[in-house]
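Q: Anchor point for the sequence shown: position 154 equals 179 in this note's numbering, and the numbering is continuous, going up by one each time.
I should point out that these hints are in silico values taken from the structure, not numbers from a laboratory.
The beta-carbon is built from N, C-alpha and C at its ideal position, and this holds for glycine as well.
One should not assume that every hint holds.
[Claimed, not checked] Label pairs and their computed distance ranges (CB to CB):
no., residue 1, residue 2, range
1, LEU64, ILE32, 15 to 25 Å
2, VAL52, LEU102, 50 to 60 Å
3, ASP168, GLY34, 48 to 58 Å
4, GLU156, GLY49, 28 to 38 Å
5, LYS54, ASP183, 11 to 21 Å
6, ASP183, GLU50, 34 to 44 Å
7, ASP43, ASP171, 28 to 38 Å
[Stated by the list, open to error] Dumping the calculated BS3-like pairs for lysine-lysine here, alpha-carbon to alpha-carbon at most 27 Å:
no., residue 1, residue 2
8, LYS107, LYS124
9, LYS189, LYS134
10, LYS135, LYS189
11, LYS124, LYS135
12, LYS135, LYS122
13, LYS135, LYS123
14, LYS122, LYS107
15, LYS134, LYS124
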Amino acid sequence: MRRRPGIGGLQTAAAARDQYRLLGENVAKLRTDLMKEQLATFRSQLEEFARKHKELCKLLRQKRKHDREAVSEDDCLRAISKLKTLGSGFEVISAGKKKLVRSVPTELKKDHNEILELAQAQGYVTVDEVERRLSWTHGRAIDALDTLLDEGLAMIDDGHSDGKRRYWFPCVSSISSFGADS
Numbered sequence: 026m027r028r029r030p031g032i033g034g035l036q037t038a039a040a041a042r043d044q045y046r047l048l049g050e051n052v053a054k055l056r057t058d059l060m061k062e063q064l065a066t067f068r069s070q071l072e073e074f075a076r077k078h079k080e081l082c083k084l085l086r087q088k089r090k091h092d093r094e095a096v097s098e099d100d101c102l103r104a105i106s107k108l109k110t111l112g113s114g115f116e117v118i119s120a121g122k123k124k125l126v127r128s129v130p131t132e133l134k135k136d137h138n139e140i141l142e143l144a145q146a147q148g149y150v151t152v153d154e155v156e157r158r159l160s161w162t163h164g165r166a167i168d169a170l171d172t173l174l175d176e177g178l179a180m181i182d183d184g185h186s187d188g189k190r191r192y193w194f195p196c197v198s199s200i201s202s203f204g205a206d207s
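Hey, can you work out the whole structure from these sequences and the hints?
A: Here is the structure:
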């Protein structure tokens with residue numbers, strides 16, 4: 026017949042459980058600190074990307090500010106349309122109220138444009154938000170977002186406190202929207 030553990034065995038088991046719990050808490054804290062650091066790096070790089078690549082016409086105006094004639098939006102649109110006829114892949118597409126310059130030959134479908142329009146409000150979307158606001162199935166939302174990721178139009182942010190993945194769109198968001206969700 027096997028004997029059950031006595032008080033000493035129970036105390037040893039309780040001490041082992043406490044050590045495992047402390048170790049788990051330490052590991053969770055280290056992971057949380059690392060994720061916070063990665064998120065801070067991601068946000069700063071995203072803000073720098075948006076500052077560097079926002080609104081093509083402003084950049085052209087700055088480059089040509091010493092010339093006599095200013096560059097208008099219409100000048101940019103006409104120049105890009107001429108490039109398109111040469112087969113270079115440059116094209117102006119509309120996403121809601123904004124115009125985007127596409128520099129790679131990718132076909133954005135209606136689903137992709139709807140997500141870009143939705144992202145204009147806060148700079149990002151979540152899968153739940155796409156499903157709810159556009160009345161889409163989960164698979165449809167994931168497929169469209171994955172395509173936008175593959176094409177480099179979106180970036181993933183998995184470091185938010187609510188645990189929901191955010192798909193950031195620097196091409197349609199204003200710089201002020203990056204810090205607004207902290």
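Q: None of the hints should be skipped; say for each whether it holds.
A: Going through the hints against the structure:
no.	hint	in the structure
1	LEU64 / ILE32: 15 to 25 Å	47 Å, violated
2	VAL52 / LEU102: 50 to 60 Å	54 Å, holds
3	ASP168 / GLY34: 48 to 58 Å	55 Å, holds
4	GLU156 / GLY49: 28 to 38 Å	34 Å, holds
5	LYS54 / ASP183: 11 to 21 Å	18 Å, holds
6	ASP183 / GLU50: 34 to 44 Å	22 Å, violated
7	ASP43 / ASP171: 28 to 38 Å	44 Å, violated
8	LYS107 / LYS124	17 Å, holds
9	LYS189 / LYS134	25 Å, holds
10	LYS135 / LYS189	25 Å, holds
11	LYS124 / LYS135	15 Å, holds
12	LYS135 / LYS122	15 Å, holds
13	LYS135 / LYS123	15 Å, holds
14	LYS122 / LYS107	23 Å, holds
15	LYS134 / LYS124	15 Å, holds
When the structure is compared with the earlier hints, violations turn up for hints 1, 6, 7 and for no others.
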